[in-house]
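**Student:** Letter by letter, the chains look like this.
2 protein chains.
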Amino acid sequence: MRHEKGTGMKFILHQQDITIGDLDRAYELITEQKSLKDSVIHLWPEMFLGGYPLQDIVLDKSFIKAYQNTLEKIHEHFLQATESNQYHFFGGIDYKLTDNGLPAKIYNSVYLATPGEGIKNIYHKRLLPNYDIFDEQKYFSPGKNNCFVQIENKNFAIIICEDMWHSTTHSIDPIEQIKNEMQQNNIQVDGVINLSASPYSLGKRESRIKRAKYISHQLDASFFYVNSLGLHDEILFDGRSFFYDGNSVTESSLFMPQDLEVNLKEYVPKNSLPQPSDSKNTWENLFSPRIDKDQKKLMPLSEEDFEEIISAQMFAIKSYLEKVNIKKITIALSGGVDSALVLALAYLSNRRYNFGSIEAIYMPSKFSALESYELSKTMCDFLGVRFYNYPIKFLHQNLKIGFNENFNQELLGLADENIQSRLRGNILFARSNQQNSIVLNTSNKSELAVGYSTIYGDSVGALSVLGDLFKSEVYQLSEFLNKKCESLLGGNIIPKGIITRPPSAELRDDQKDEDSLPPYERLDFFLEGLLSHQVTAMDLENYGFDPEEITNTVNLLKRSEYKRFQFCPIVKLKNKSFGFGRRVPILKK
Amino acid sequence: MRHEKGTGMKFILHQQDITIGDLDRAYELITEQKSLKDSVIHLWPEMFLGGYPLQDIVLDKSFIKAYQNTLEKIHEHFLQATESNQYHFFGGIDYKLTDNGLPAKIYNSVYLATPGEGIKNIYHKRLLPNYDIFDEQKYFSPGKNNCFVQIENKNFAIIICEDMWHSTTHSIDPIEQIKNEMQQNNIQVDGVINLSASPYSLGKRESRIKRAKYISHQLDASFFYVNSLGLHDEILFDGRSFFYDGNSVTESSLFMPQDLEVNLKEYVPKNSLPQPSDSKNTWENLFSPRIDKDQKKLMPLSEEDFEEIISAQMFAIKSYLEKVNIKKITIALSGGVDSALVLALAYLSNRRYNFGSIEAIYMPSKFSALESYELSKTMCDFLGVRFYNYPIKFLHQNLKIGFNENFNQELLGLADENIQSRLRGNILFARSNQQNSIVLNTSNKSELAVGYSTIYGDSVGALSVLGDLFKSEVYQLSEFLNKKCESLLGGNIIPKGIITRPPSAELRDDQKDEDSLPPYERLDFFLEGLLSHQVTAMDLENYGFDPEEITNTVNLLKRSEYKRFQFCPIVKLKNKSFGFGRRVPILKK
Numbered sequence: 001m002r003h004e005k006g007t008g009m010k011f012i013l014h015q016q017d018i019t020i021g022d023l024d025r026a027y028e029l030i031t032e033q034k035s036l037k038d039s040v041i042h043l044w045p046e047m048f049l050g051g052y053p054l055q056d057i058v059l060d061k062s063f064i065k066a067y068q069n070t071l072e073k074i075h076e077h078f079l080q081a082t083e084s085n086q087y088h089f090f091g092g093i094d095y096k097l098t099d100n101g102l103p104a105k106i107y108n109s110v111y112l113a114t115p116g117e118g119i120k121n122i123y124h125k126r127l128l129p130n131y132d133i134f135d136e137q138k139y140f141s142p143g144k145n146n147c148f149v150q151i152e153n154k155n156f157a158i159i160i161c162e163d164m165w166h167s168t169t170h171s172i173d174p175i176e177q178i179k180n181e182m183q184q185n186n187i188q189v190d191g192v193i194n195l196s197a198s199p200y201s202l203g204k205r206e207s208r209i210k211r212a213k214y215i216s217h218q219l220d221a222s223f224f225y226v227n228s229l230g231l232h233d234e235i236l237f238d239g240r241s242f243f244y245d246g247n248s249v250t251e252s253s254l255f256m257p258q259d260l261e262v263n264l265k266e267y268v269p270k271n272s273l274p275q276p277s278d279s280k281n282t283w284e285n286l287f288s289p290r291i292d293k294d295q296k297k298l299m300p301l302s303e304e305d306f307e308e309i310i311s312a313q314m315f316a317i318k319s320y321l322e323k324v325n326i327k328k329i330t331i332a333l334s335g336g337v338d339s340a341l342v343l344a345l346a347y348l349s350n351r352r353y354n355f356g357s358i359e360a361i362y363m364p365s366k367f368s369a370l371e372s373y374e375l376s377k378t379m380c381d382f383l384g385v386r387f388y389n390y391p392i393k394f395l396h397q398n399l400k401i402g403f404n405e406n407f408n409q410e411l412l413g414l415a416d417e418n419i420q421s422r423l424r425g426n427i428l429f430a431r432s433n434q435q436n437s438i439v440l441n442t443s444n445k446s447e448l449a450v451g452y453s454t455i456y457g458d459s460v461g462a463l464s465v466l467g468d469l470f471k472s473e474v475y476q477l478s479e480f481l482n483k484k485c486e487s488l489l490g491g492n493i494i495p496k497g498i499i500t501r502p503p504s505a506e507l508r509d510d511q512k513d514e515d516s517l518p519p520y521e522r523l524d525f526f527l528e529g530l531l532s533h534q535v536t537a538m539d540l541e542n543y544g545f546d547p548e549e550i551t552n553t554v555n556l557l558k559r560s561e562y563k564r565f566q567f568c569p570i571v572k573l574k575n576k577s578f579g580f581g582r583r584v585p586i587l588k589k
Numbered sequence: 001m002r003h004e005k006g007t008g009m010k011f012i013l014h015q016q017d018i019t020i021g022d023l024d025r026a027y028e029l030i031t032e033q034k035s036l037k038d039s040v041i042h043l044w045p046e047m048f049l050g051g052y053p054l055q056d057i058v059l060d061k062s063f064i065k066a067y068q069n070t071l072e073k074i075h076e077h078f079l080q081a082t083e084s085n086q087y088h089f090f091g092g093i094d095y096k097l098t099d100n101g102l103p104a105k106i107y108n109s110v111y112l113a114t115p116g117e118g119i120k121n122i123y124h125k126r127l128l129p130n131y132d133i134f135d136e137q138k139y140f141s142p143g144k145n146n147c148f149v150q151i152e153n154k155n156f157a158i159i160i161c162e163d164m165w166h167s168t169t170h171s172i173d174p175i176e177q178i179k180n181e182m183q184q185n186n187i188q189v190d191g192v193i194n195l196s197a198s199p200y201s202l203g204k205r206e207s208r209i210k211r212a213k214y215i216s217h218q219l220d221a222s223f224f225y226v227n228s229l230g231l232h233d234e235i236l237f238d239g240r241s242f243f244y245d246g247n248s249v250t251e252s253s254l255f256m257p258q259d260l261e262v263n264l265k266e267y268v269p270k271n272s273l274p275q276p277s278d279s280k281n282t283w284e285n286l287f288s289p290r291i292d293k294d295q296k297k298l299m300p301l302s303e304e305d306f307e308e309i310i311s312a313q314m315f316a317i318k319s320y321l322e323k324v325n326i327k328k329i330t331i332a333l334s335g336g337v338d339s340a341l342v343l344a345l346a347y348l349s350n351r352r353y354n355f356g357s358i359e360a361i362y363m364p365s366k367f368s369a370l371e372s373y374e375l376s377k378t379m380c381d382f383l384g385v386r387f388y389n390y391p392i393k394f395l396h397q398n399l400k401i402g403f404n405e406n407f408n409q410e411l412l413g414l415a416d417e418n419i420q421s422r423l424r425g426n427i428l429f430a431r432s433n434q435q436n437s438i439v440l441n442t443s444n445k446s447e448l449a450v451g452y453s454t455i456y457g458d459s460v461g462a463l464s465v466l467g468d469l470f471k472s473e474v475y476q477l478s479e480f481l482n483k484k485c486e487s488l489l490g491g492n493i494i495p496k497g498i499i500t501r502p503p504s505a506e507l508r509d510d511q512k513d514e515d516s517l518p519p520y521e522r523l524d525f526f527l528e529g530l531l532s533h534q535v536t537a538m539d540l541e542n543y544g545f546d547p548e549e550i551t552n553t554v555n556l557l558k559r560s561e562y563k564r565f566q567f568c569p570i571v572k573l574k575n576k577s578f579g580f581g582r583r584v585p586i587l588k589k
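Top to bottom, those sequences are chains A and B. With the first letter of the first sequence counted as 1, position 298 gets the number 298 in my numbering; the numbers rise by one all the way through. With the first letter of the second sequence counted as 1, position 508 gets the number 508 in my numbering; the numbers rise by one all the way through.
Read the hints as simulated data drawn from the structure, not as lab findings. What you are looking at is a predicted structure, and each value in this text was computed from that prediction instead of being measured. Think of the CB as a built atom: it goes at the ideal place given N, C-alpha and C, for glycine as much as any other residue. Some clues are possibly wrong.
[To be verified] Covered, in the sense of this in silico footprint (three residues per stretch, anywhere, with C-beta under 8 Å from a C-beta of chain A), are these stretches of chain B:
no., region
1, 88–102
2, 109–122
3, 130–139
4, 212–224
[Unchecked claim] Pairs of lysine-lysine, PhoX-like flavour, derived with a Cα cap of 25 Å:
no., chain 1, residue 1, chain 2, residue 2
5, B, Lys-318, B, Lys-576
6, B, Lys-318, A, Lys-558
7, B, Lys-512, B, Lys-563
8, B, Lys-483, A, Lys-588
9, A, Lys-65, B, Lys-293
10, A, Lys-589, B, Lys-318
11, B, Lys-393, A, Lys-589
12, A, Lys-96, B, Lys-588
13, A, Lys-144, A, Lys-34
14, B, Lys-327, A, Lys-588
15, B, Lys-393, B, Lys-377
16, A, Lys-576, B, Lys-105
17, B, Lys-73, A, Lys-589
18, A, Lys-558, B, Lys-65
19, B, Lys-377, A, Lys-576
20, A, Lys-73, B, Lys-589
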C-alpha cells in the first residue's frame with residue numbers, strides 16, 4: 001500500500017473515553033475537521049469504532065447493521081475529503097457476513113482512512129488473548145498476515161495490542177513474522193504502530209514500555225502505542241499512549257482524554273546500547289502473586305502505585321456516572337475505614353471532575369458505638385458532604401418481634417447480625433431510587449475473599465471501588481491519602497480515629513474482625529498467594545504458618561463463591577482480581 | 001494400541017452426578033470392584049475425573065497436585081488388578097507442567113485403564129467449544145490426532161463431546177480425519193466411543209442422536225455416547241447416554257444416575273436405508289430463536305418438552321441442595337403464578353428425591369389482596385407445606401416514617417414500591433439464615449429481560465428455577481402441571497385462581513403488569529427474537545408490531561443489564577439463556 005505526498009509528518013495519538021457501542025461519537029471524532037497545515041497521521045485505539053470489550057454485542061444483528069452503516073458513512077466522508085492531508089488508522093471490526101446478515105467470521109482489525117480514497121480494512125489481529133478477562137477467541141478469527149503501509153515515503157508496520165506480546169500461550173509471534181518479512185524482502189520500517197485496548201493494572205506501564213523498546217530495537221524503528229481510555233464495567237483503560245523514537249519516550253497522561261502530538265524523527269538505531277530484555281508473557285508470569293516470601297508479607301505498594309490507584313478510582317467513579325448519566329452518589333458510612341475511604345475517593349473524584357453531588361448515610365443499630373457516629377459526622381462536616389443519620393434500631397426491633405410472632409422463633413446469632421446489614425441495604429437503595437443516585441459499594445478484597453460480608457446487605461452497590469484492594473492496603477491508602485491531601489484540605493480527609501480504631505462490623509456486642517479472621521496482614525498474604533492459583537495451602541504451611549488458620553482461610557474462600565457470584569462490578573487494579581477474569585464454580589468440593 | 005482376551009464383550013455406560021472437584025468420589029467409582037464374568041468396557045463421561053466445567057480450578061496448583069496423586073492411585077490400582085477383565089475409558093485432564101508444577105499445556109483427554117497395565121492417556125480432544133457457556137480454549141490446547149484402540153479383537157475410535165460436531169466455527173472435522181485414516185490404512189472400526197459433557201437444553205437429545213446415526217453410518221460402526229449428569233451452577237447435564245448399533249438406540253434415563261449395560265453386537269451396515277442428514281452446528285443454527293414468524297408467537301412447547309422441563313427443574317433443585325449439603329427450602333409466596341409454580345416444582349422434587357423440607361412465607365403489604373393470602377394458604381394446606389404469614393405493613397410504614405424524619409422527603413412512587421419487595425428479601429434471607437435453608441428465586445425470563453423486578457428484592461435467591469422460562473411458558477407449565485398431577489394429588493397442585501387472576505406485583509393500588517409492559521404473549525415473542533441476536537427491532541416492525549412498543553422493549557432490555565449482573569445462577573433449559581453464556585456489558589450505548 002503506497003500513499004505519496006509532502007514531507008513534514010506529524011502523528012496524533014488519540015485517547016478518548018467513549019461508551020461501548022456509541023458509533024456516532026466515534027464517527028464524529030474520526031471525521032472531525034482538522035485545520036492542520038502538516039500532513040498528520042491520526043491513531044485511534046483498538047476497536048475505537050465499536051468499543052472494547054463489546055462481548056455479545058459484536059454478534060447482534062442490529063449492531064452489525066448499524067456498524068456497516070457507520071463504516072459506509074466514514075468511507076463517504078473520506079472519499080469526499082480530497083483537499084485534506086489527514087490520514088487515520090483506527091481499530092474496528094471486519095465482518096464477513098452470511099446471506100442472512102449474520103456473522104460468519106469476525107476480525108479485530110485496523111482501518112486506514114485516506115482523503116480522496118475512503119477507508120480500507122488493512123489488518124487483522126493475529127494474537128487473540130483468551131485468558132483472564134479476555135474472551136477474544138470466542139468472537140474473533142485470527143489474522144495471518146503482516147501489514148506494511150507506506151505513507152509519504154515512510155513505512156509502517158501495523159499491529160494490534162496482544163500482537164506485540166510474545167507468549168508461550170500463542171503459537172506464533174507476529175514480531176518475528178514482521179522481522180522475517182523485512183529481512184527477506186529488504187524492507188525498512190520507520191515506525192511500528194500498535195493500536196491497543198490494554199486494561200490498566202499496577203505495573204502494566206513498565207512492561208508495555210519495556211516490550212515496546214525491545215521491539216523497536218529489534219526492528220530498528222520507532223514505536224507508536226495508542227491505548228484506550230475509560231471504564232467498561234470492571235475493566236479500566238488507562239490511556240498512557242506513548243511514542244518511542246529509539247531514544248526517549250513521549251507519553252500521554254494517565255486516565256485523561258488527550259490527543260498527543262508527536263513528530264516522526266529519523267530513528268537512530270541504538271545498537272550500541274544494551275537492548276532491553278524480552279519480557280515473557282506466560283500465564284505464570286502474568287499472574288504471579290505480589291508477595292514477598294522472605295518477609296511473609298504482601299509486596300508493599302509504592303507512592304507511585306498509590307498515586308495510580310487514586311487516579312484510577314477517581315476516574316472510574318466519574319466514568320461510571322457519565323455512562324449511566326447519573327449525577328449523584330449515595331454512600332453508607334459506618335465509621336469504619338472502608339466506607340470512609342470510598343467517601344474520600346468519591347469526594348476527590350467530584351472535586352476533580354465536578355460530576356454532581358455526594359451524600360452519606362449513617363445507619364446505626366443498637367450495637368453501633370457513639371464514636372462511629374461522631375467520626376462519620378466529623379468527616380462529612382469537614383468535607384461539606386451532606387450527612388444523614390437513619391437509626392435502624394427500631395426497624396431491627398420490629399423485625400425481631402415479627403420473627404417471634406410469625407415464626408415463633410427468636411432471631412439470634414448470624415441471622416440477627418445479617419438482618420441489620422440488610423436493613424441498611426434497603427434504606428440505601430430506597431434512597432438511591434428516591435434520589436436517582438448511584439450507590440458505591442464499600443467492600444474490600446479481603447472481605448470478598450472470605451465472605452465476611454452480608455449478601456444483599458453491605459455487599460450491595462452499583463460499583464465496587466475497593467474490591468481489588470486488601471484490607472491492609474485500604475489502611476495504607478487511607479494513610480497515604482491523608483498525607484497527600486493535608487495541604488489541599490488543611491486537615492485529614494479521613495479522620496485519624498477511623499484509621500486507628502480496630503475494625504468491627506458492629507453487628508453484635510464487642511465484635512471485632514479478628515474474632516473471626518486472622519489479622520489482616522497475615523490473611524492478605526494468604527489470600528494473594530491462594531488467589532494467584534500458584535501458592536498452595538501446603539506452601540503456606542511450609543512458610544511456617546498455622547495449618548488450622550490456613551485451612552480455615554481456604555475453606556472460607558471456597559464457600560463464599562455464591563456471594564461473589566451476585567456481586568457488582570469491581571474496578572480492576574491488579575493483575576488478578578475477582579470478577580469476570582476469575583471463574584470458579586459455586587458448587588464444588 | 002492392542003489388548004487381546006476372550007470374546008464376550010459388554011459395555012457399561014456410567015452416568016453419575018459428582019460434585020465438581022470431587023476426585024475421591026470419581027476414584028471410588030472407577031476402581032469399585034465389579035464381579036462380572038464377561039469382559040466389560042466401562043465408559044465414563046468427559047472430565048469424569050475432575051468435573052466439568054472446572055473453570056479456573058483447572059489452573060490451581062493445589063488441585064493439580066491432588067489430581068496427579070489421584071491419577072497415580074488409579075494407575076496403581078489397575079496395575080495390581082491382574083485378575084480382572086474390566087477396562088475403563090474415562091475423561092480426565094492431561095497436564096504438561098512446568099518445573100514449578102504449573103500448567104504449560106492442558107488437554108481435555110481420555111484415559112484407558114487396563115488390568116495389569118495401569119492407566120494411559122490415549123486421546124486429546126480436538127474441537128474445543130468456545131461459544132456461549134463454553135470457554136474451553138481458555139484452558140485447553142487442542143489435540144491433533146485420531147485415536148484407535150483395539151481391545152480383544154475389537155476396534156474403537158475415541159472422541160470427546162464436541163469432536164462429533166462438524167461446524168463452520170472449527171477449522172477441522174475429526175470425523176473426516178477418522179474416516180480418512182480408516183480408508184488410507186484399511187482400518188475397520190466396531191464402535192465410535194464419545195465421552196461427553198453435553199449440557200441439557202430443549203431439543204438437544206434429538207440432534208445428538210441424529211448426528212450419532214449420521215456418523216455411525218459414515219464409519220460403518222456402532223456409536224457409544226456417554227454423557228455427564230448433574231447441576232453445575234447454571235449448567236445442567238441430563239445424562240441420556242445411549243448406544244446405537246446401526247439399527248436401534250438403547251438409551252439411559254433423563255436426569256437419573258444409571259449404569260446402562262449394552263452388548264456390542266455385529267454392526268449391520270444400513271447403507272440401503274436413507275442416511276440421516278448431516279446437521280450443521282453453526283452459531284446461527286445453534287442459537288436460532290424459537291419463534292413462529294407467521295403466527296407471530298413463540299414456538300409452542302410440546303407435552304414432551306414440559307415433561308423434560310419438569311424433570312430438569314426437579315433434578316436441579318435436588319442436585320443443588322445435595323451439593324451444598326442443605327436439606328431445607330424457603331420460598332416466598334405472593335399469590336402469583338411464578339412463586340406458586342416454584343413451590344409446586346420444589347414440592348414435586350422433594351416428593352421424588354425426599355431431600356428434606358419446604359416452607360413458604362407469605363409477606364403481604366398494604367397493597368396485597370386478601371385473595372393472595374387465601375390462594376397461597378390454600379395451596380400450602382393442600383400440599384402439606386408449612387405456611388407462614390409475615391405482614392410487612394408495619395415495617396413498611398416505619399420505613400416511610402423514617403424517610404420523612406431522616407431525609408425530610410416522603411418515600412413515594414418506584415422507591416416506595418421497591419422497598420416493599422426488599423423488605424421481603426430481608427425477611428426471606430433472615431429466615432434462610434435462621435433455618436439454614438436455600439431460598440429459591442421466583443423470577444421468570446420475561447421479568448429478567450425487561451428488569452421488571454427489584455434488585456435485592458424479589459430478585460434474591462440461591463438458584464433461579466424459572467429464569468429460562470418466559471411468563472407465557474410459566475402459565476402453560478402451570479396448567480400442564482395441574483393436569484399431570486391431578487390424579488396423583490386428587491386436585492390442582494396450583495390453585496386455579498392463581499393461574500386465572502391477572503398478574504400484578506401488588507406494590508401499589510390496582511397495579512397490573514400490563515400497565516408497564518406489553519401483554520406477555522407479545523412481549524415474549526419480541527424477547528425470544530431479540531435475545532437470539534438474530535432478530536432486530538426493524539424485523540419486529542416489519543412483522544407489523546407497534547414501533548414504540550418495540551423500542552420500549554429494546555430499551556428495557558438494554559438498561560436492565562446491571563440487575564442481571566447481580567442475579568443468581570439460572571437453571572439453563574434453552575439454547576440461549578441469561579447467565580454465563582450471554583455476555584453483554586452494563587455500560588453501553
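**Student:** When the structure is checked against the list of hints, which entries are broken? Sort them ascending.
**Tutor:** 2, 4, 8, 11, 13 and 19
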